[in-house]
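One-letter residues, chain by chain:
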Amino acid sequence: MRYTILCYGNEDAVGSWSKEQEAEVMAGLEEVGMRLTKAGKLGMSLRLLPTTSATTLRKTHNPPLVIDGPFAETKEQLLGLYIIDVNDLEDALDLARQLAVANPHGAYEIRPVLAYNPDRRPDRTS
Amino acid sequence: MNDESWINMALTAARPQAVGALLRYFRDLDLAEEAFQDACLRALRSWPKNGPPRDPAAWLILVGRNAALDGVRRNRRLEPLSSEEAISDTDDVEAPLAERLDDADYRDDVLRLLFVCCHPDLPHTQQIALALRIVSGLSVEQIARAFLVSDTAMEQRITRAKARIAKARLPFETPGPAERSERLAAVASMTYLIFNEGYSAGLDSARARFCDEAIRLARMLLRMFQTDPEIMGLTALMLLQHARSRARLDKAGEFILLDEQDRSLWDQRQIAEGLALINKAVRHRQSGPYQIQAAIAALHARAAHPNDTDWKQIEALYAAFDRMHPSPVVKLNRAVAVSKVSGAAAALEMIEPLASDLASYFYYHGVKGALLSQLNRKNEARIAFNQAIALAKSPAEATHIRRQLDNLERESGA
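Residue numbers (the numbering used here), protein chains in the order written: chain A, 1 to 126; chain L, 1 to 414.
No wet-lab data here; the hints were simulated from the structure. Check each hint, because a few of them may be wrong.
Footprint (simulated), chain A over chain L, 3 or more residues, beta carbon under 8 Å [to be verified]:
id: 1; stretch: 10-19
id: 2; stretch: 214-221
id: 3; stretch: 272-285
For each residue, glycine too, the CB sits at the ideal point set by N, CA and C.
When you get a sec, could you build the whole thing from the sequences and use the hints?
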């Protein structure tokens, strides 16, 4: 069963990390990530630039409206996501808990994947 | 990362918003800072136990305000207010407060806090010191070390600056749109001053961290003013310049020219963010000095090799910049781009009229010397380089010119 783990956190706080703190968290996540990849559970993952770099296309207008910034103004922002392949929710939670040890702040939203379309362009591996 | 360092980071991140709101509430900078300190101490006790609140700034504002009022009431032997345990981080307590302090309030609070630091009576270094102390929460010792003065001297400077601000009327009324954009412009230029203070610091890490701090402040401004293309430009400009930080100094702390930098050391993440922001800004078709400078930095960042640099476009951007803000220094920069596109002779012709304006400017003589030596006018080049060395402000600048002089002599000898 495929799930995504959507990583939420306070981007101001993440932006206040020193280089050392950032490196520590990333190294921790990398270690857990490698372990889970070898176990065949972790697929692709991605980390997003801050929401200040985001642009939103509001489709409720005709023509759609281009707005600077993220769609939703929230206390915690979407920072990145993982795609995982596990047996069930318990398994997914267990995996999320392992990631949380390396990065204990903010929240993980665990959402089952309905449809998964891999990158179908030629010469792409992921 | 342990709990304490996480909490300290959350406190740093929430500081501008919290101190800004407390300043609005108490209308006194010292009292606002004290209230915030108080709230921080309580957070360090309460958060490890109860978990961090979802909105640290709202928590700190509420607790800081109550703590300060508590102090006032205790002095008057009145009923104390509830302690921070009673107003823990449950959402139902926080929500009404968070609603009352909506984003527009926060925005004006933070802007005001930064704006009071830009008081025009204060010299630039004091503006910077004050902003780093009040907004960023750096300690007096940290700032003193960065400015190479004693702790006492820095303490006095900050106290004097605060006294000066207190004497001037603090702008507490909600600003109108025109006033808000004036404040934003002042705050943006102070943020860039902080960045440049760090950028010019060389290997001095006490000051080099100012760059990170300025970028953090700019991201915060951009989150509050998401549609302002100049704030996008400012943030992009600093990110793109800071991306080169690992490549632009050698081990001795000497500056390495752009052409000679190891571009693999450039920070691709900062470049990506900078390019994304300048890309967004351009859509607004409302050019401004930060955007133009960022666009120039973006063209350098895009070139994998110095020879790939789009000098033609850079020249056009400097020309636009000079039309917007005519200045001999911008013309000098433009001339450097011209020398790459049309050759040294054309560039030399451009900088000749600047001679009197830039007579005491190190870079003018450096550029002139380089152009003259490209044209093989060695004697004149030597004179220009010697003038540059006499005007160099740092050993690194002098060394850089001396190296070019050595090349000149070597070629003469050959």
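(request) Give me the numbers of the hints this structure contradicts, sorted from smallest to largest. (result) No numbers; nothing is violated.
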